[in-house]
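K.L.:
These protein sequences, in sequence, are chains B and F. Residue numbering for the first sequence follows our numbering, beginning at 224 and increasing consecutively. Residue numbering for the second sequence follows our numbering, beginning at 504 and increasing consecutively.
Everything labelled a hint here was simulated from the structure, so no lab data went into it. Being a predicted model, the structure only gives us computed values, none of them experimental. Keep in mind that the hints are not guaranteed to be accurate.
One-sided excerpt, in silico: chain F residues whose CB lies under 8 Å from chain B [to be verified]: (1) Phe549; (2) Arg550; (3) Leu560; (4) His587; (5) Thr611; (6) Trp615; (7) Thr622; (8) Ala625; (9) Leu730; (10) Arg731; (11) Leu744; (12) Leu745; (13) Ala746; (14) Ala750.
All C-beta atoms in this analysis are idealised placements derived from N, C-alpha and C, irrespective of residue type, glycine included.
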Amino acid sequence: MMPELGKYAGAVLSSYAVSLVLLAVLVLLSLMRARKVKAELDQIENRSKSNG
Amino acid sequence: MSIWEYANPVKFLRLTDKLLPPLAILSIVTLTIGLVWGFFFTPDDFRQGSTVKIIYLHVPAALMAINAWLMMLVASLIWIVRRHHVSALAARAAGPVGAVMTIIALATGAIWGQPMWGTWWAWDPRLTSFLILFLFYLGYIALWEAIEDSDTAADLTSILCLVGSVFAVLSRYAVNFWNQGLHQGASVMRAGAFAGDTEERVSNVFAIPLFVSMAGFFLLFLTLVLLRTRTEIRSRRIKALLAKERAA
């Protein structure tokens, strides 16, 4: 299934590897921060409500 | 109904709550189709060999790197003129996404350049303006982090964004302004649908998966900016609530 990349295999594969890793890290960090900030806000809003 | 309604953080959160899941799925599907098509099902180019497969990453990433900055420019101008917080926060949210797109464009360009040009890097007008754009991205992100007051940060980063726009435009048109250097003109405009039947025409065999990949990168950018804007809105709300608690 793997295409024949010939003498440029290193260049092509490293381009895909670098790009996909960077995109994956960006997506993961964005999701993790979104989750963390939402949990923090929920906690503060609940505290504000319970304190009146 | 006006678009300015979505400058209201609550309405923006409500809208994006519904919009994000289908948008995320669509972006993953489109990007996967574009990259799998480009990598597995396109032939080698008669001059570039298999390195032609790098365009499915390089061209969309470069396009998004420039357009992300232009989106930040529009959002910053809206902040300067209308003082809508959501627009300033959307610009902030786009910064890291644009920076990553710029790194991908620079890295894949260097990896492609080594076998094709015989060098990883040349001080070519387009490459240099792209590197400067990347430095502007870093400065923009750092400036947001460095200033405690979010309105002051939004003001100063908006000015930086206006200045950096010169390099975003130069990155796009450097090849046309200075007819020198190694980097070729825009491949996209030489794709079948745009170029007619000329020798420089990019065949549809390469152009169609390239357009799919570009759509995938655009949708991913949009998804991430909406997600990150939501986070910035919540983060701002946390600051406001904590300040209120401290004052009480």
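K.L.:
Each hint: holds or not?
P.N.:
These are the hints, each one checked on the structure:
{"no.": "1", "hint": "Phe549", "result": "violated (13 Å)"}
{"no.": "2", "hint": "Arg550", "result": "violated (12 Å)"}
{"no.": "3", "hint": "Leu560", "result": "holds (5 Å)"}
{"no.": "4", "hint": "His587", "result": "violated (20 Å)"}
{"no.": "5", "hint": "Thr611", "result": "holds (5 Å)"}
{"no.": "6", "hint": "Trp615", "result": "holds (7 Å)"}
{"no.": "7", "hint": "Thr622", "result": "violated (13 Å)"}
{"no.": "8", "hint": "Ala625", "result": "violated (17 Å)"}
{"no.": "9", "hint": "Leu730", "result": "holds (6 Å)"}
{"no.": "10", "hint": "Arg731", "result": "holds (5 Å)"}
{"no.": "11", "hint": "Leu744", "result": "holds (5 Å)"}
{"no.": "12", "hint": "Leu745", "result": "holds (7 Å)"}
{"no.": "13", "hint": "Ala746", "result": "violated (11 Å)"}
{"no.": "14", "hint": "Ala750", "result": "violated (13 Å)"}
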